[in-house]
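These protein sequences, in sequence, are chains A and B. Residue numbering for the first sequence follows the working numbering, beginning at 1 and increasing consecutively. Residue numbering for the second sequence follows the working numbering, beginning at 244 and increasing consecutively.
FYI, nobody ran anything at the bench for these hints, they're computed from the structure. Keep in mind the model is a prediction, meaning the values are calculated, not measured.
What follows is a set of in silico ranges between Cβ atoms, one per label pair, in the way DEER data are often shown:
id : chain 1 : residue 1 : chain 2 : residue 2 : range
1  : A       : G84       : B       : S398      : 28 to 36 Å
2  : A       : G84       : B       : L333      : 28 to 36 Å
3  : B       : L334      : A       : N36       : 32 to 40 Å
4  : A       : P89       : B       : V512      : 34 to 42 Å
5  : B       : V306      : A       : T113      : 41 to 49 Å
Glycine residues also receive a C-beta, built at the ideal position from the N, C-alpha and C atoms.
Below, each chain spelled out in residue letters.
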Amino acid sequence: MLEVKNIQAQHGLLQAVRGVSFSVRKGEVLGVIGANGAGKTTLFRAITGVHTDMTGSVTLNGQDISAVRPGKRVAAGLAMVPEGRRLFPDMSVRENLQVAGEHGRRGDWTMETVLDALPALKPIMRSLAGNLSGGQRQAVAIGRALMTNPDVVIMDEVSLGLSPIAIEGLYESLAQLKASGKTGIVVVEQDLRRALTFSDRVICLLEGAITLEGASGELTHDDITSAYFGLSAKGEERSAAHA
Amino acid sequence: MLDAIIQGVLLGGYYAILAAGLSLMLGVTRFLNLAHGDLAVLAAYLIIYLVATWHMPILWAIVLTLPVMGLLGWALQAFLFARTMKGGFLLPLLTTFGLGAVIQNGIYGVFSSDVKSLGNFIGNLAWASWKLPGHISVGKLPVYIFVASVVVLVSLQLLLSFTKLGRAMRATTVDEEAAELSGIDARRIQRATVAIAMVLAGLAGAALAMRSLINPYTGPTQLIFAFEAVVIGGIGSLWGTLAGGIVLGIAQSLGAKISPQLFQLFGHVVFLAVLWWRMKGAGSLGIVNLLRSLKGGRA
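Required output: the full structure, derived from the provided sequences and hints.
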């Protein structure tokens, strides 16, 4: 289980994340919503160790990984599909997957099982990652994360820039991953409807702090709208409280 | 003319070995090591010391020196270069500039400023040659060094393409952060890369000491040649270093054909011409990739 406590992260003088805490169990999907600039990407870059100007604790399966480098966090079972995919463009799809498999943990996810879960990758295994479409790149990025055999995988802006058809295909694959129950999933999603239907629980970030947390089925449209835009029930801005 | 071109091509083999280490390090660690030439000369002095003082066979001296250079590279990256890399663009340059000065003066302090060479220890290989039609004479040693450069580059290509370490090096070259998120320990990969680069510098030092005279202050000139070969061939391109080395070698040989004093000048002029060409945007691909693109391949 991934447990983060009181994460604070800065960009120089700017406080980007303010005291965020949450947990994710194996087999659970946590949806993370929030407007652009809410601090989502900084939060997950801090959790994975890429953003180092931060405080707070990150534990995975009881092991404190707050102070270790990103590569060691992957070895502990935490993977991330970064915003923008960040593939290795001059390497083939097979090599992109292979390199993660060679440096990640051993487990059920192998080249074969990843291809079974993401069949769209099969015909493009020899293609250079730099030549792929957005949807194909996202599938490779997810496959690369799975190859490290994570207990928890964080997917940042998972459907950003993809066509509706590509998003449908992507979520079909993610549904299989969710059904397998092997991995906890944190999915950062701009599409609120999609985030609510796919996730078991949702948190909403605004100006670096959690403004809403709850089971997806129990949250109302008004709850989410208020938390997302920083409005109180009466329509007043809540963001002043964070200033 | 043909004679000068052949000599230039063979000289390019030496430049390729020297430049391959510099290029590899620049690609993976984004670190321009201004002490690269001095480290090559240091390796040359170690080999000369083992051969001259301990009467060790030259091949054994090289075999013993290369792992020492690799360990030195590992240690330099772990304890010096990695720290300076956090300090922005200028600090690594100043640090390696200072390291180069320390190596030069260290060699001077231990071995004096007398010129040295391995030429005295390799028998008739230093001057043996094959006679080709047209009164062209091709030295055996330059041919062997050129063959060694091709073997080195093929080995590096195989390492980068087909090994776990090589794939990790390529991934780290492209995107260190994404490499870390794929489970790669980028710091370890960078140490391994610098170790390999130093082994290549050591090999280049051995070749240099066999084919010419060296002194403690030979390193900076070798760095310039290596850097010119890397830039001409395209930064980060393995085979580009051979192409760049050959272009540089031919330019120098043709310059020397006109006048011995023009040997270096012609190489520098070609280097500047390539830079000017790139500033116009035409040559940003590097020679190897440019040839590929002209053939319709992927740049």
